[in-house]
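Engineer: Residue numbering for the sequence shown follows the numbering used here, starting at 1 and increasing by one per position.
No wet-lab data here; the hints were simulated from the structure.
On a predicted model such as this, the values are computed, not experimentally measured, just so you know.
Note that CB positions come from ideal geometry on N, CA and C, so glycine has one too.
Treat the hints with care, as some may be off.
What follows is a set of in silico ranges between Cβ atoms, one per label pair, in the way DEER data are often shown [to be verified]:
| no. | residue 1 | residue 2 | range |
| --- | --- | --- | --- |
| 1 | Pro117 | Asp74 | 17 to 23 Å |
| 2 | Lys134 | Pro48 | 34 to 40 Å |
| 3 | Gly50 | Lys73 | 21 to 27 Å |
| 4 | Asp154 | Ala55 | 16 to 22 Å |
| 5 | Ala49 | Ser78 | 37 to 43 Å |
| 6 | Ser107 | Gly79 | 18 to 24 Å |
Derived lysine to aspartate or glutamate pairs resembling DMTMM-like cross-links, with alpha carbons at most 20 Å apart [said to hold, decoys possible]:
| no. | residue 1 | residue 2 |
| --- | --- | --- |
| 7 | Lys118 | Glu149 |
| 8 | Lys65 | Glu149 |
| 9 | Lys111 | Glu80 |
| 10 | Lys73 | Asp154 |
| 11 | Lys134 | Glu149 |
| 12 | Lys134 | Glu157 |
| 13 | Lys118 | Glu70 |
| 14 | Lys134 | Glu70 |
| 15 | Lys111 | Asp74 |
| 16 | Lys73 | Glu157 |
| 17 | Lys65 | Asp93 |
| 18 | Lys118 | Glu157 |
| 19 | Lys111 | Glu64 |
| 20 | Lys111 | Glu70 |
| 21 | Lys121 | Asp74 |
| 22 | Lys111 | Asp154 |
| 23 | Lys121 | Glu149 |
| 24 | Lys118 | Asp154 |
| 25 | Lys121 | Glu80 |
| 26 | Lys121 | Glu64 |
| 27 | Lys121 | Glu157 |
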Amino acid sequence: MACGLSACAIAPKPAVEALPDAAASEGGITRPVARPATLNTTLAARPPAGARTAAQFDTTSTAEKAAAVEAAKDAAASGEGRALGATIASLGDPTQPGLWIKSPLVSAAGKGRVVYPKNGKAVELDLIPLEGPKTAGSRMSLAALRALEAPLTDLTELQVFAN
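Using the sequences and the hints given, assemble the complete structure.
Structural biologist: Take a look at the structure:
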């Protein structure tokens, strides 16, 4: 006798937010939360279809990464931002361009920074909510991991701050 299991039950659910009271009273409908226009994850170029290496998948320019690192330094020096906590991050979807982290520490999409304590490097990026307990891991963009000079195949401990 064969038995099959479906992975559908463990797939993460998208973040949703209730509609205003008038719309919510019409059957309790919920809709996906729109990302703020300031997030840059959709501005970066998608990797080419034949991408095979980290360099080919990482379409964020060196200048964009340098600017994000500099912005994170400035924010840290001025004491800007609210500490959200520590997380363990793995490489997220390498085909999703930009500088971002999806984390259960984040309750609303916005800007922030992460610090990689092993080398002290930090990068400013987009914070994207990820459903799950606060102790669950996070997923980080290829460009952000490379900007931090963190290993792409490790589970990387990070400190997360919201602007």
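Engineer: Give a verdict on every hint.
Structural biologist: Quick rundown of the hints versus the structure:
{"no.": "1", "hint": "Pro117 - Asp74: 17 to 23 Å", "verdict": "holds (19 Å)"}
{"no.": "2", "hint": "Lys134 - Pro48: 34 to 40 Å", "verdict": "holds (37 Å)"}
{"no.": "3", "hint": "Gly50 - Lys73: 21 to 27 Å", "verdict": "violated (36 Å)"}
{"no.": "4", "hint": "Asp154 - Ala55: 16 to 22 Å", "verdict": "holds (19 Å)"}
{"no.": "5", "hint": "Ala49 - Ser78: 37 to 43 Å", "verdict": "holds (42 Å)"}
{"no.": "6", "hint": "Ser107 - Gly79: 18 to 24 Å", "verdict": "holds (22 Å)"}
{"no.": "7", "hint": "Lys118 - Glu149", "verdict": "holds (10 Å)"}
{"no.": "8", "hint": "Lys65 - Glu149", "verdict": "holds (11 Å)"}
{"no.": "9", "hint": "Lys111 - Glu80", "verdict": "holds (12 Å)"}
{"no.": "10", "hint": "Lys73 - Asp154", "verdict": "violated (24 Å)"}
{"no.": "11", "hint": "Lys134 - Glu149", "verdict": "violated (25 Å)"}
{"no.": "12", "hint": "Lys134 - Glu157", "verdict": "holds (14 Å)"}
{"no.": "13", "hint": "Lys118 - Glu70", "verdict": "holds (18 Å)"}
{"no.": "14", "hint": "Lys134 - Glu70", "verdict": "violated (28 Å)"}
{"no.": "15", "hint": "Lys111 - Asp74", "verdict": "holds (14 Å)"}
{"no.": "16", "hint": "Lys73 - Glu157", "verdict": "holds (19 Å)"}
{"no.": "17", "hint": "Lys65 - Asp93", "verdict": "holds (18 Å)"}
{"no.": "18", "hint": "Lys118 - Glu157", "verdict": "holds (8 Å)"}
{"no.": "19", "hint": "Lys111 - Glu64", "verdict": "holds (15 Å)"}
{"no.": "20", "hint": "Lys111 - Glu70", "verdict": "holds (15 Å)"}
{"no.": "21", "hint": "Lys121 - Asp74", "verdict": "holds (12 Å)"}
{"no.": "22", "hint": "Lys111 - Asp154", "verdict": "violated (24 Å)"}
{"no.": "23", "hint": "Lys121 - Glu149", "verdict": "holds (8 Å)"}
{"no.": "24", "hint": "Lys118 - Asp154", "verdict": "holds (13 Å)"}
{"no.": "25", "hint": "Lys121 - Glu80", "verdict": "holds (16 Å)"}
{"no.": "26", "hint": "Lys121 - Glu64", "verdict": "holds (15 Å)"}
{"no.": "27", "hint": "Lys121 - Glu157", "verdict": "holds (12 Å)"}
Taken one by one, the earlier hints fail for this structure at numbers 3, 10, 11, 14 and 22, listed in ascending order.
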